[in-house]
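Participant: Chains as they are written, first to last, in my numbering: chain A, 1 to 395; chain B, 396 to 749; chain C, 750 to 800.
What the hints contain is simulated information worked out from the structure, not anything from laboratory work. Be aware that one or more of the hints could be misleading.
Said to hold, decoys possible - Below are the EDC-like pairs computed for lysine to aspartate or glutamate, each with C-alpha atoms no more than 20 Å apart in a straight line:
1) B:476 - A:351
2) A:87 - B:723
3) B:476 - A:52
What the hints assert, rightly or not - Partial list, derived from the structure: chain A residues whose beta carbon lies under 10 Å from chain B:
4) 40
5) 42
6) 43
7) 60
8) 191
9) 389
What the hints assert, rightly or not - Restraint ranges, calculated between C-beta atoms of paired labels, are given here:
10) B:637 - A:317: 53 to 61 Å
11) B:456 - A:37: 31 to 39 Å
12) A:33 - B:429: 51 to 59 Å
13) B:713 - C:791: 44 to 52 Å
The C-beta atom is built at its ideal place from N, Cα and C for all residues, glycine as well.
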Amino acid sequence: MSQDAVKTKFFPPDRSFYTPVNMVVGCIMAVGLLFTVLRFTGGLSMVTNLDDNYPWGLWIGFDLMAGVALAAGGYTTSAACYLFGMKRFHSAVRPAILTAFLGYALVVVSLHYDVGRPWRLPYPLFWSQGTTSLLFEVGLCVALYLTVLFLEYSVTALEWLGLKKLRHIIHRLTLVLTIFGVILSTLHQSSLGALFIIAPSKLHPLWYSQYLAVYFFISSMFAGLSMVIFEGSLSHKYFHDKMDDTYLGEHDGVVLGFAKGASFIMFAYLVIKVIGIAMDNTWHYLGSGYGMWFLVEMLGFVALPGFLYAVAVRDRNFGLIRKAALITVLGIVLNRLNVCLIAFNWYLPLEDRYFPHIGEIGLTIFMVTIGVVAFKFIVTRMPIFYEHPDYKESH
Amino acid sequence: MSVSRRKFLAWMGGAGLSTAVGRKAFAASNKHFEGYPDSFGVLHDTTLCVGCRSCEAACNKVNDLPQPEKSFTDLKVLDEKRRTDAAAYTVVNKYESVKKPGLPLFRKIQCNHCLEPACASACFVKAFTKTKEGAVVYDASVCVGCRYCMVACPFNIPAYEYDKVLDPRVVKCTLCHPRLLEGKLPGCVEVCPAEALTFGKREDLLALARERIRKHPDRYVHHIYGEKEMGGTSWLYITGESFEQVGMREDLGITPAPNLTAGALAVVPMVAGLWPLFLTGAYAMSRRKEKIAAEEQAGAVANAIAETNDAAEKKLAQALEKAKKEKEAAIQKEVKKALEEAVKAQEADKEEDA
Amino acid sequence: MHDVIYTLQDFMLHTKNITYILMGVGLVAYVAFWNFLTGKDDDHEAAGKEE
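Looking at chain A on its own, in the form it has when it is part of the complex:
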């Protein structure tokens, strides 16, 4: 590509740069960079409220736990389309893969802030393998899955760059990559929950269960499906002009199908959650303050949106589906924060409890903003919501 071609490709003449949205984004970026400098010059204590009782804070609870769960749309969508033969979801695969890829990439970036010596992050894979740790399993799978997502996403980027040969080679791997992606997702989504199985004395009995791994895996499915619906409704609003007829034509079907699937999976999730309570005989905790909070999560953020999905699917009410998707997404964030922070160390007196530092909140917002900006950069340039005319017949 010539320099001019590069310029128009990466920086197409857009609207004015100084829009209100861009100003806000700019501010967030500036604050994020400031906190980044503080983190890597002053240490963790400079920008976090982490202490010896709370070694994991917002960055693990939200950026890692919730981030990975919400990026589950990648494996659920591609599995539905390529493995279970639901070809009518094909146009939803690319946006879902892109969301997942950006999500996982930011999880890994965020981890570089959280761990004490980020340059050693490859150690567990290449230097000293602590295979008895569930975190080893998580690390291995996230590293591999990020690679898989990169390859799956790269097809889009290669079409955009016009590198046909390489694109065809990778495209032929679609099936293997999809299967591999589902295996890796099953493993690390569940292992994120299993991380806490080693600490029964610290996590509140209503959240602790021998089934934690299963709960995390099953909830990641409806989290992913809801995120695809949620992301789709936002994209519809802002990137409508980028969408081709196939995408627009299939979109309603995707939303209905995913809402139906999410609703049924949420029903199953509730069933196994109740079974978990029975298995550990923790019924009596339901009457306590933590029990109320548990019921808020279960009824308000799982049962309610699950039911709303069902009603909305029956009535073909797309507005209600969008609302249910938003509640589900918030519910997943709540669940991960509960397990990681709120119901963790539940016996400690209030003054010893953790509340995130402004630096932790700032850097979390920074990460989410980078994700949104990257998403916008890519969908306004690359064939995400439309098919590249040169490759129409190739799937």
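Starting from the structure of chain A, add chains B and C where the hints point.
Facilitator: Same frame as chain A, now just chains B and C:
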């Protein structure tokens, strides 16, 4: 990287040669592990502790830890509940007695050196090792700083150097492992003026603790904390009042940490081993369905074409038939005409002849 | 060979090391075997159509 013996053995095991190589622990899944024989430990008799903080001072000294703000002789520090942190491997806390109101109880806190350490089980770079001497030691040279060990520890012992930028470490009591190797006592045990701490082989300490409880049944609670808690610890405790009373959790259970995660870890290879089967199966079935659907569609199209062809052929045949008939009729007509003409001509000839 | 394992932790470390290697081998073998299993499907199908 050289191949360590363990790794080599791992490969041999993977190749199915394990029986030939033979490590004693290659037994079936009900194999029970007792821990290192003759490993050391410390018995903390809290009834003897006077809360002088000498152990804290000694620990600080032998481990070259930073000097605290308040000196170790300042006993007002005991009024607040403290825990181990980056600058203190051990702390002594004061508790209220229930049996004799007004009298204080003291308990020393430090790493309990589990027989099956949760920190070691949780560490994804093998930074923690249970040594044969009994100490659980930490290797900062591989530590990434994920702090999962701190999440995993049921006793809330490991602390972290949150204010260090380049080389933050996890910090915890080492049972003075370097001193043990030199034949010395742990710093805290050596200095204790009240004999509240006894160092020895764990087996002997258990016997000693049982003996004290047997001799003074009204002085001690009939339980040795650490004998079974979390699968057993190298530090053992006996108290005069409930362990809850001196800030020790009685609800930890006796399951060793590696056992807690064993189930979840065992599922991992089954998912990796069977998901390809199920997923490829689902793919193959959906492909088959598509193929059958495609074949049926193709068949339907072929039928339709065939039917159309048949109809066309029939029509053609009919048209041909018709044409044939018409032709025949025309020929017959011509023949008839010709015959008639011939007859006429004959008659005309006859007339001429006549 | 006097290497005795004394702790469950060390035993699990040993077995999981092997298991993880086997998982990798298994996954690669799956792909290879599936290709072998279905390798002639297309040929037969093509032949079937010609008849």
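Participant: Run every hint past the structure and note whether it holds.
Facilitator: Hint by hint, here is what the structure shows:
1. B:476 - A:351: holds, 12 Å
2. A:87 - B:723: violated, 62 Å
3. B:476 - A:52: holds, 14 Å
4. 40: holds, 7 Å
5. 42: holds, 7 Å
6. 43: At 5 Å from the nearest chain B Cβ, residue 43 (chain A) passes the 10 Å test, so the hint holds.
7. 60: Given a least distance of 9 Å, the restraint on residue 60 (chain A) holds.
8. 191: Hint holds; residue 191 (chain A) Cβ to chain B Cβ min 7 Å, cut 10 Å.
9. 389: Because about 25 Å separates residue 389 (chain A) from the closest Cβ in chain B, which is outside the 10 Å limit, the hint is violated.
10. B:637 - A:317: 53 to 61 Å: 59 Å Cβ-Cβ, so the 53 to 61 Å window holds.
11. B:456 - A:37: 31 to 39 Å: holds, 38 Å
12. A:33 - B:429: 51 to 59 Å: holds, 55 Å
13. B:713 - C:791: 44 to 52 Å: 45 Å Cβ-Cβ, so the 44 to 52 Å window holds.
Checked against the numbered hints listed earlier, the structure breaks hints 2, 9; every other hint is satisfied.
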